[in-house]
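Student: Protein chains in written order, with the numbering used here: chain D, 1358 to 1926; chain X, 1358 to 1926.
FYI, nobody ran anything at the bench for these hints, they're computed from the structure.
It is possible that part of the hints are untrue.
If several chains are the same, the list does not tell them apart, and a pair holds so long as it fits within one copy or across any two.
Below, simulated BS3-like cross-link-like pairs (lysine-lysine); rule was C-alpha separation at most 30 Å, straight line [unchecked claim]:
#1 K1535 - K1405
#2 K1538 - K1714
#3 K1663 - K1844
#4 K1852 - K1714
#5 K1796 - K1714
#6 K1622 - K1405
2 protein chains.
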Amino acid sequence: METQDEMFSSRSSKDCQERNAELCLENSVVQPLLTDLYQITMAYAYWKSGKVNDIASFDLYFRKNPFKGEFTIFSGLTDCLKFLENFHYSESDISYLKTVLPSNVEPEFFEFLHQLTPREVTVSALAEGSVCFPRIPLMTITGPLIIVQLLETTFLTLVNYSSLITTNAARFRIAAGKDIKLLEFGLRRAQGPDGGLSASRYAYIGGFDGTSNVLAGKLFGIPVRGTHAHAFVTSFTGLDELATRELVMAEPVENGDCDSAPPTKDFVTMCEDWRNQLGEDLSILASEAHDGEFAAFISYALAFPKQFIALIDTYDVTRSGILNFCAVAMALNDLGYKPQGIRIDSGDLAYLSCVVKEQFDRVAAKYDMEWFKDLVITASNDINEETILSLNEQGHKITAFGIGTHLVTCQRQPALGCVFKLVSVNNKPKIKLSQDVQKITMPGQKEAFRLYSSDGHALIDLLQRPGEEPPQVGKRVLCRHPFEESKRAYVMPHKVESMYKLVWAEGKMTEELPTISDIRQQVQMSLKTLRQDHKRSLNPTPYKVGVSDDLYHFIHDLWLENAPIGELS
Amino acid sequence: METQDEMFSSRSSKDCQERNAELCLENSVVQPLLTDLYQITMAYAYWKSGKVNDIASFDLYFRKNPFKGEFTIFSGLTDCLKFLENFHYSESDISYLKTVLPSNVEPEFFEFLHQLTPREVTVSALAEGSVCFPRIPLMTITGPLIIVQLLETTFLTLVNYSSLITTNAARFRIAAGKDIKLLEFGLRRAQGPDGGLSASRYAYIGGFDGTSNVLAGKLFGIPVRGTHAHAFVTSFTGLDELATRELVMAEPVENGDCDSAPPTKDFVTMCEDWRNQLGEDLSILASEAHDGEFAAFISYALAFPKQFIALIDTYDVTRSGILNFCAVAMALNDLGYKPQGIRIDSGDLAYLSCVVKEQFDRVAAKYDMEWFKDLVITASNDINEETILSLNEQGHKITAFGIGTHLVTCQRQPALGCVFKLVSVNNKPKIKLSQDVQKITMPGQKEAFRLYSSDGHALIDLLQRPGEEPPQVGKRVLCRHPFEESKRAYVMPHKVESMYKLVWAEGKMTEELPTISDIRQQVQMSLKTLRQDHKRSLNPTPYKVGVSDDLYHFIHDLWLENAPIGELS
């Protein structure tokens, strides 16, 4: 995956133990008190009502795909499982709760909380990184009512944003295509420090190639990238500010026996000579190119001769930045270094990228240097999915995008509305009614199957009641819309996938956690099973989600049973 | 501030030392590596260029008020100062950076980083919690170029979201008016766990009365609030599930010498009797009211007789929830407890709140109980600023709002675009040009003054060059638009306020940090100085921001000096 056109990358994987310690640190706010107070007050009311041994099931799901799209990527499961592993109310938590709850709350309740563990909880879930759809639970959590209820807010917090940003990143990847580098630059605009860390992590999982966030690199092993900012360029006034003019020639790549150290050259003079020459070649007045910018590029090249990327829009891309860059790049080349490319952070990105590419091509042609055509052209500046699609239409020459605000804050829709709904207590199904039919819950425990067509594409996600016979390959199955009576279809699956896996039971994870790379791969594999029309940006086709005939009747019977009839007068 | 219509509140302030330890924990990700990689690569290039002793000034500011508004509240300063206090690259940070930077980076640079401290940095800033405006720096940071550059990303991360959410909360407060309770319920939809914590903290600072987030209560001493969820209601099926039917009478408030314990009553029967009676009074069929909901309310009242609030929309507000609530409320009253009120989380909130209030009034009139009119009516469910304004127009009877997603994710605009721009190096002013005039920086160090009118309202924020005479009360001063030549105005100030305070110098804070309550008060005080038309939601009047004549010419001279002229051909 790593190619030479990338900037810097983390080269070693960290010592595992140290990494875990740091993850622990990073997740220090993910603790049982990271919840809504009503979870605790409900726990007390349940406890007082003798519901300590009631067993409940909750579904965690969302009702609508984000970003006007027709798919979502599920993530955050790893964090939920780690939270379960560490679930415990500390002495200090209990002391605090005593100050918050009324004084007549019985002391035995606090003792009960202090002893509480998720040992009797089971969690089934989709594979992390899978595409998922409205109403099909991402996770179902079963166990003592009180403890499962206490998990609600934290689970939602951990799944909602993770899934949102992963989905957003995956959409950027689809818009950009597979050959463009995507870099996450959003830390400064993220919703809080940890918002930034989560963004870096899940953008990578969703299909980005790296992040600018150093701590994310350190904590999660994500490749980190970066060069310099406008401030670096403006901090220089002219060539006299350079502390050194010398650069040593690159070590030859061949394994020659060099007895002598490589020679050192007057790099600044070489750059100046190239600027005069290239000014003529590229029809740019060398005298108008900014000397401070030139000094900044030379300074950066002196520090990073093997990774030279320049931000060329501080003063004027076409009249200053491009010329200064090409001059330094050619001088580096003379010394045996291969420059990497440029970044543009303002202006008309399609137009400027084409101008830059044209100049690169002129240099390549004039000096017979093919590689100059392949220099990286990175674009940043408030880029969103639509910008990329529009740039695609205009025919840009950008090879990498740096994306910040729109990616990390999910500006188009900054929250995914996952909910956590009670569906049964002691095996009795529960329903929550609403005037808004979208908000009616799907009662009872359920199984979910993904049915595939003969060409390998996913056709429909089907919910059934637990006792029903699973759908079978080659056997017609009736799938119904959960609420609209007339919407029905027969489906003949060529492959049937049982969607849930038991991930937590008997107080521990049932298997080893996937790595960040595993989940990242899962995203792309899972997206491949979706038809293109579900994934397109404009008016995508809704993916079908259905219920079995049995489940349909079950839901509707329970609905009528629970809805008051009322009386008009 | 605390009134009886509130739900639960934190009653004790925490032991200070423990609090600090926890804050430390909470902020564990706020460390020098929480930055963009290019800050580190730039640091190395500066270091290689011999710029170790260069002294630079950076301005932290934004270009546009959020939410289509005309004001912003500055916050996050406390976090920046705490970050400075702890600024240090650990051994582990250095080891990691060695894996990320190219192998030819000189080892002395890592030693330099390891020793780096912000001892020589000075920070001037507006008071945290003040209203602020585009282009007027919120903070100016001066010190060795390398270290100040290294602060950029972290400072932006700490200021951007804090200021955004504080501003958002303040706007909700303005929309709701001062008499409505505002509660932050957003944790589950926040952008990550810490996004949720920051939201709770800054929503409180911006004018909210409390949060549902228990950890925010514990860490920041914010009042926490909460009752129960729909799941609590649906978990009950009927009265036979209640473990106990008995409730002890409230202790009389008078200081009587009661020798005997207060008597215990059959609370469930009392509730049933009241439901039959009130069904007739309120023209609701008692037989149609949901028994599971009734049991849930009774169970909650048994647990929290002094803080009874019921969520009444699980099945049907007007045909079930309201009757079940009133029945339990009256039974509680019979036993000497004062119920608090209801919450509605779906449907037409204006209509339902009026229906509920009407029924409360009927009960109050029929049984001559004035207090029944004053029960809390809390509304939640996807509420944003426009919803509140629209509800105001319709004439609702809501007394408290629970606000989640729109508040914490700032859905209307999820990022504030604060930037951190170099304005001088070694006292030489620096400018960054752009084809977009809005993106041109204001070069050099500057002073800022807020000029007030005779009625105490802020008129204009004026930037000057440091040497200029400050504006004086009663003396006409020429204020100019920074970029549009013809926009000028004379201002006669009745009060002049120097806006910046030195907050960090000589390696430490210059004064004690304000408490969260101090900052919260500052928000309201500062907002009071703004004219109403700047604060209104629809088409607010822009607040004026100007530069002195001197600064105007200074900017424009430098602009021309740095912009290449080019040649048309």
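Student: Indicate, hint by hint, whether the structure satisfies it.
Tutor: Each hint tested on the structure:
no., hint, result
1, K1535 - K1405, "neither (57 Å within a copy, 37 Å between copies)"
2, K1538 - K1714, "within (17 Å within a copy, 58 Å between copies)"
3, K1663 - K1844, "neither (62 Å within a copy, 50 Å between copies)"
4, K1852 - K1714, "neither (47 Å within a copy, 56 Å between copies)"
5, K1796 - K1714, "between (52 Å within a copy, 25 Å between copies)"
6, K1622 - K1405, "between (83 Å within a copy, 17 Å between copies)"
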